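Colleague: Heads up: the sequence lines are chains A and B, in that order.
Numbering-wise, the first sequence is residues 1 to 129 according to the UniProt record's numbering.
Numbering-wise, the second sequence is residues 1 to 129 according to the UniProt record's numbering.
It is possible that part of the hints are untrue.
When chains are identical, the list treats them as one kind, so a pair holds in a single copy or across two.
Straight-line Cα separation of at most 27 Å, BS3-like style, residue types lysine-lysine; simulated pairs [what the hints assert, rightly or not]:
hint	residue 1	residue 2
1	Lys57	Lys8
2	Lys71	Lys121
3	Lys121	Lys8
Just so you know, the hints here were simulated from the structure itself, not pulled from any lab data.
The structure presented is a predicted model; accordingly, all values stated were derived computationally and were not measured.
Number of protein chains: 2
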Amino acid sequence: MSEVWLNKIAWNDDGLVPAIAQDADTGEILMVAWMNREALRKTADLGEAVYWSRSRKKLWHKGEESGHTQKVLEIRTDCDEDVILLKIIQTGGIACHTGRKSCFFQKLDGQEWATVEPVLKDPHEIYRK
Amino acid sequence: MSEVWLNKIAWNDDGLVPAIAQDADTGEILMVAWMNREALRKTADLGEAVYWSRSRKKLWHKGEESGHTQKVLEIRTDCDEDVILLKIIQTGGIACHTGRKSCFFQKLDGQEWATVEPVLKDPHEIYRK
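Chain A on its own, in the form it takes in the complex:
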């Protein structure tokens, strides 16, 4: 199978690019993670988001532990081909490991980061299985 489309991506020195997961319905940005070539290939094949975990140094099929998989409706890249944008449907409505819908729950308020999104589910409950 041709992989010309994967060659077009400008992987960084570590072979990675940032990938943004955006709620396909609301436009809300849910999270940013990283992908290597294999992660992007698998994401396209599966139709579910697969990232590269930099801390665990392995492929990470989002939701493999939490059940909070991400159904991928659209894959985009930008003018420099060094960022991936996924338009997704978030299973369970929770993308963040803190139990919030979005990872972007800290908003700058003057000189402080204020938490502006509620925890929807206790993380201990999400990850106990």
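With chain A's structure known, arrange chain B on it following the hints.
Modeller: Just chain B, lined up with the frame of chain A:
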């Protein structure tokens, strides 16, 4: 002036984090660039997006050449504090140097990246001044 809020950001080994510019009205993701500490400080101070140009190795007040500045309504960070999200109003309605509204104009269609957003203004016209 206290800079505790800047210390909270997990700058990478190059002292940078990715910054996403999102249209505050439509939720559309317009571009991703990079910020260092000074860029984020200036963005907050000015209320307009200032990035770090990795190619030119200098601060880049977005729109300084094109006139397409970005008015910043909100600054967020994620659970790991290693990505910045700006909710902005895009002057001129064009964020991309190709003359398109958004940099994310390439959509994966099978095994090919298809261009799915129109050029709104000839880049030669944008940058000739």
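Colleague: Would you mind marking each hint as holding or not holding in the structure?
Modeller: For each hint, the structure was consulted:
1. For the identical chains of this complex, Lys57 and Lys8 are neighbours both inside a copy (23 Å) and across copies (24 Å), given an alpha-carbon limit of 27 Å.
2. In the homo-oligomer, the alpha carbons of Lys71 and Lys121 lie at most 27 Å apart inside one protomer (20 Å), although the nearest pairing across protomers, at 34 Å, exceeds that limit.
3. In this assembly of identical chains, the alpha carbons of Lys121 and Lys8 lie at most 27 Å apart only when taken from different copies (25 Å versus 39 Å within one copy).
In terms of the numbered hints stated before, the structure departs from none.
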